[in-house]
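The lines below spell out each chain.
There are 2 protein chains.
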Amino acid sequence: MGDNKKPLILVTNDDGITSLGIRELISVMKSIGEVVVVAPDKPQSGTGHSITLEHPLRLKKINEDGNHVEYSCSGTPVDCVKLAVNVVMHKKPDLLVSGVNHGSNSSINVIYSGTMSAAMEGALEGIPSFGISLLDYAPDADFSAAKIYAKTIAENVLKDGVPRGTCLNVNIPALSKKNIKGVKVCRQANGNWLEEFDERKDPYGNKYYWLTGVFKNYDKGADTDEWALKNGYVSVVPVQYDLTAHDTISVLNQWSYE
Amino acid sequence: MGDNKKPLILVTNDDGITSLGIRELISVMKSIGEVVVVAPDKPQSGTGHSITLEHPLRLKKINEDGNHVEYSCSGTPVDCVKLAVNVVMHKKPDLLVSGVNHGSNSSINVIYSGTMSAAMEGALEGIPSFGISLLDYAPDADFSAAKIYAKTIAENVLKDGVPRGTCLNVNIPALSKKNIKGVKVCRQANGNWLEEFDERKDPYGNKYYWLTGVFKNYDKGADTDEWALKNGYVSVVPVQYDLTAHDTISVLNQWSYE
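Taken in sequence, the protein lines are chains A and B. When you line the first sequence up against the numbering used here, it's residues 3 to 260, in that order. When you line the second sequence up against the numbering used here, it's residues 3 to 260, in that order.
A couple of the hints might just be wrong.
Identical chains blur together in the list; that is why a pair holds if it fits in one copy or across any two.
With a straight-line cut-off of 20 Å between C-alpha atoms, the simulated EDC-like cross-links for lysine to aspartate or glutamate are [stated by the list, open to error]:
no.: 1; residue 1: Lys218; residue 2: Glu127
no.: 2; residue 1: Lys183; residue 2: Asp43
no.: 3; residue 1: Lys44; residue 2: Glu56
no.: 4; residue 1: Lys222; residue 2: Glu127
no.: 5; residue 1: Lys44; residue 2: Glu26
no.: 6; residue 1: Lys179; residue 2: Asp142
no.: 7; residue 1: Lys44; residue 2: Asp67
no.: 8; residue 1: Lys32; residue 2: Glu157
no.: 9; residue 1: Lys209; residue 2: Asp244
no.: 10; residue 1: Lys183; residue 2: Glu198
no.: 11; residue 1: Lys153; residue 2: Asp249
no.: 12; residue 1: Lys179; residue 2: Glu127
no.: 13; residue 1: Lys32; residue 2: Asp67
no.: 14; residue 1: Lys62; residue 2: Glu201
no.: 15; residue 1: Lys93; residue 2: Glu201
no.: 16; residue 1: Lys222; residue 2: Glu72
no.: 17; residue 1: Lys161; residue 2: Glu260
no.: 18; residue 1: Lys93; residue 2: Glu198
no.: 19; residue 1: Lys44; residue 2: Glu72
no.: 20; residue 1: Lys161; residue 2: Glu127
no.: 21; residue 1: Lys32; residue 2: Asp96
Source of the hints: derived by calculation from the structure; they are not laboratory data.
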């Protein structure tokens, strides 16, 4: 590893280490600092804040050059962060960036997203962290605008950190840089998925199900990530791991528990 | 299924359908209403808000009597909730209860817990929901106090609902009912896990890792779940799925994004 004055940057994702989104992110982060990549060896979309307890974890060094090293990991994105800090680096990086995800992690997707859970795990460990996602699921999506904003936001985070107890959820509309209107700091839109299970029969006559569905935004606010993205802006939502609904404590204190 | 005037209660967990905690919970919920169980066919601890996208899901009816029916599911706790609502019940239950978990889901454990993620998924779908956990990992733990509080809280939730956008995270100290001092409505303590990976070699000479660690509570507050549990109280934390750190939006608006 090279110049010790450069920031140390941990990169991970949930689409897996071979996906285009993380390859593009690695190339940008190498222009800023020393890069350590620990990312899943297979797709881990939708794994949320899952950790692996029932199986042992494997790490494999797959690439190394002057200012970066890469490990593939058999576990989830959160496992990758824990292994990176405790086994690979033996210290905390200056920055954690997760992504670039193929597909949106706006609104309620933040809760299902392995990409965002990796960033959340970074925040929990006191590492300035953000996740970044492009609103394009295509394996060969155009990440050029995402790369520009990844760099800008990384530089901001390296300079100022992120507010304590939070990480950032950055989503990029599927537009060229010149058609993006700017950046909006937003709240998470109130939306969810309406599920439709695709029921099939296997060759032996037994039923099985694929989870599918459509996303529904119930939120009319112009201060949400959904609004920003729909209107051509990059959305930045500060995400916290204190899940307490503080405002409702007084309501629950009125109940009788005996 | 029996009397339609009884509340319809969905029961799930993350320890798997055969664990003692869910068996005890089912027996309590049968005393209140009609019970549908959709729970994992194997342990799913630490799976967080994971959903299954890479494999198809299987459901298997394993038990049925006058006022309850049980399905085991190949997926995660969140998958179980989605399948229960959309494939098994074709409607939303009046109450979702997840647990009784073997082991604490207080403080930051809420974020890793499949048990709590199932309750969160219920909340997202507009179902009054709570998760309940006993501070005892033993497979043959004594659930007698947990059963009493599960019933009391279920009755409260069926009567009053839970505050919009939240579910409840209930933790029970490993004490007999007479030694429990009461119930405290709390906030999530600020704590996390200090990881220690257990490195081993397989019979072929290749390294692998088991995730282990110790929980560290950084929070001195007497209004937290950790404080309540340590002092002999049941803790009830209202948990929300809006992860926005609203207070920090103004800070991030001071950044330059160009």
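Status of the hints after comparison with the structure:
Proximity of Lys218 to Glu127 under the C-alpha cut-off of 20 Å is restricted to the inter-copy arrangement: shortest distance 12 Å between copies versus 33 Å within a copy. Taking CA atoms no more than 20 Å apart as the test, Lys183 paired with Asp43 passes in neither setting, with 36 Å inside one copy and 49 Å between copies. In this assembly of identical chains, the alpha carbons of Lys44 and Glu56 lie at most 20 Å apart whether taken from the same copy (18 Å) or from different copies (10 Å). In this homomeric assembly, Lys222 and Glu127 come within 20 Å of each other (Cα to Cα) only across copies, at 19 Å, whereas the closest approach inside a single copy is 35 Å.
For the identical chains of this complex, Lys44 and Glu26 are intra-copy neighbours only, at 17 Å inside a copy versus 38 Å across copies, given an alpha-carbon limit of 20 Å. In this assembly of identical chains, Lys179 and Asp142 lie within 20 Å of each other by CA distance solely inside one copy; the values are 17 Å within and 59 Å between copies. Neither within a single protomer nor between protomers do Lys44 and Asp67 lie at most 20 Å apart by alpha-carbon distance, with minima of 23 Å and 42 Å respectively. For the homomeric pair Lys32 and Glu157, the shortest alpha-carbon distance inside one copy (13 Å) is at most 20 Å, but the shortest distance between copies (57 Å) is not.
For a Cα distance limit of 20 Å, the shortest separation of Lys209 from Asp244 qualifies neither inside one copy, at 40 Å, nor across copies, at 35 Å. Proximity of Lys183 to Glu198 under the C-alpha cut-off of 20 Å is found in neither arrangement, the shortest distances being 35 Å within a copy and 45 Å between copies. Taking the shortest Cα distances, Lys153 and Asp249 never come within 20 Å of each other, neither inside one copy (37 Å) nor across copies (25 Å). Taking the shortest Cα distances, Lys179 and Glu127 never come within 20 Å of each other, neither inside one copy (33 Å) nor across copies (36 Å).
In the homo-oligomer, the alpha carbons of Lys32 and Asp67 lie at most 20 Å apart inside one protomer (11 Å), although the nearest pairing across protomers, at 62 Å, exceeds that limit. When the C-alpha separation of Lys62 and Glu201 is checked against a cutoff of 20 Å, the pair qualifies only between copies, where the shortest distance is 14 Å, while the shortest distance within a copy is 37 Å. Within a single copy, Lys93 and Glu201 get their C-alpha atoms only as close as 47 Å, which misses the 20 Å cut-off; across copies the closest is 17 Å, which meets it. Within a single copy, Lys222 and Glu72 get their C-alpha atoms no closer than 43 Å, and across copies no closer than 39 Å, so neither meets the 20 Å cut-off.
Only between protomers do Lys161 and Glu260 lie at most 20 Å apart by alpha-carbon distance; the minimum there is 15 Å, versus 52 Å within a single protomer. Within a single copy, Lys93 and Glu198 get their C-alpha atoms only as close as 44 Å, which misses the 20 Å cut-off; across copies the closest is 13 Å, which meets it. In this assembly of identical chains, Lys44 and Glu72 lie within 20 Å of each other by CA distance solely inside one copy; the values are 14 Å within and 33 Å between copies. In this homomeric assembly, Lys161 and Glu127 come within 20 Å of each other (Cα to Cα) only inside a single copy, at 19 Å, whereas the closest approach across copies is 40 Å.
Taking the shortest alpha-carbon separations for Lys32 and Asp96, only the intra-copy value of 14 Å comes in at or below 20 Å, while the best inter-copy value is 53 Å.
Taken one by one, the earlier hints fail for this structure at numbers 2, 7, 9, 10, 11, 12 and 16, listed in ascending order.
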